[in-house]
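Asks: Take -19 as the starting number for the first sequence in the working numbering and just add one per residue.
Treat the hints with care, as some may be off.
[Claimed, not checked] Calculated cross-link-like contacts (lysine-lysine; reagent style DSS-like; alpha-carbon spacing at most 27 Å): (1) K68 to K46; (2) K98 to K79; (3) K88 to K98; (4) K68 to K88; (5) K68 to K84; (6) K84 to K98; (7) K59 to K93; (8) K68 to K86; (9) K79 to K61; (10) K46 to K88; (11) K79 to K93; (12) K88 to K53; (13) K53 to K84; (14) K93 to K53; (15) K46 to K98; (16) K46 to K61; (17) K93 to K46; (18) K46 to K79; (19) K53 to K79; (20) K59 to K98; (21) K84 to K61.
If you are wondering where the hints come from, they were derived from the structure by calculation, not from laboratory data.
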Amino acid sequence: EREREREREKEREGSGAVLFPDWAYKPAWSPGSRQVHLWHFLLELLGRGEGGAITWGSEWGEFVIKDPERLAKLWGERKGKPHMNYDKLSRALRYYYNKRILHKTKGKRFTYKFNFNKLILVNYPSLPTCPQVTSSVKHFNCV
DNA sequence: ACCGGAAACT
DNA sequence: AGTTTCCGGT
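Required output: the full structure, derived from the provided sequences and hints.
Replies: See the structure below:
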């Protein structure tokens, strides 16, 4: 499990395709935690721009799950949970509401929105506003 | 489809 | 702590 994670990291480094800043992959707020978190996994898929299971939406930080069951299967594979489905994955997403990591875009099916400010705030308590945005990190632009 | 309580798991 | 599992309710 850990080996795979390290291999992926090496791949990222090797390809030079840094889609998100380091803190998006390795949260500083959970020191010693090697766990792959769901929001982390989602950013990874969105960063790859694979687009089959999940894509960015129209608004900043908004994403749309195009194939809920496929996304659930991918997540299940990552976590070693072969019986993962969208019902259970979406429960995990709902736990993010109180943590202010995500919220639901009401009325839009399978559509959620990242609270990047909260993510940034959690990782960097010293940064009250937006991070410095590099050209390759479009979705971290501040409105 | 979406919500959120409750209990269980790692 | 961050889910996973299950489920009754809207």
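Asks: For K88 and K53, compute the direct alpha-carbon distance and say whether it is at most 27 Å.
Replies: holds, 22 Å
Asks: Is K46 within 27 Å of K61, Cα to Cα?
Replies: The hint holds at about 21 Å.
Asks: Next pair to validate is K53 with K79; report whether the Cα-Cα distance is within 27 Å.
Replies: Between K53 and K79 the Cα gap is close to 25 Å, so the pair holds against 27 Å.
Asks: With a cut-off of 27 Å on the C-alpha distance, tell me whether K93 and K53 pass.
Replies: It holds: about 21 Å lies between the C-alpha atoms, which stays within 27 Å.
Asks: Is K68 close enough to K88, meaning Cα to Cα at most 27 Å?
Replies: Holds, because 19 Å separates the two Cα atoms, which is no more than 27 Å.
Asks: Given the proposed pairing of K68 with K84, does the C-alpha separation stay at or below 27 Å?
Replies: holds, 16 Å
Asks: Check the hint pairing K84 with K61 against an upper bound of 27 Å on the C-alpha distance.
Replies: The hint holds at about 25 Å.
Asks: Verify the proposed pairing of K79 with K61, using a straight-line Cα cut of 27 Å.
Replies: Status holds; Cα separation ~24 Å.
Asks: Holds or violated: K98 and K79, Cα atoms, limit 27 Å.
Replies: holds, 9 Å
Asks: With the threshold set at 27 Å, check whether the alpha-carbon distance from K59 to K98 stays at or below it.
Replies: holds, 25 Å
Asks: Quickly compare the C-alpha distance for K88 and K98 to 27 Å and report which way the hint goes.
Replies: The hint holds at about 22 Å.
Asks: With the threshold set at 27 Å, check whether the alpha-carbon distance from K84 to K98 stays at or below it.
Replies: holds, 15 Å
Hint violations for this structure: none, all hints satisfied.
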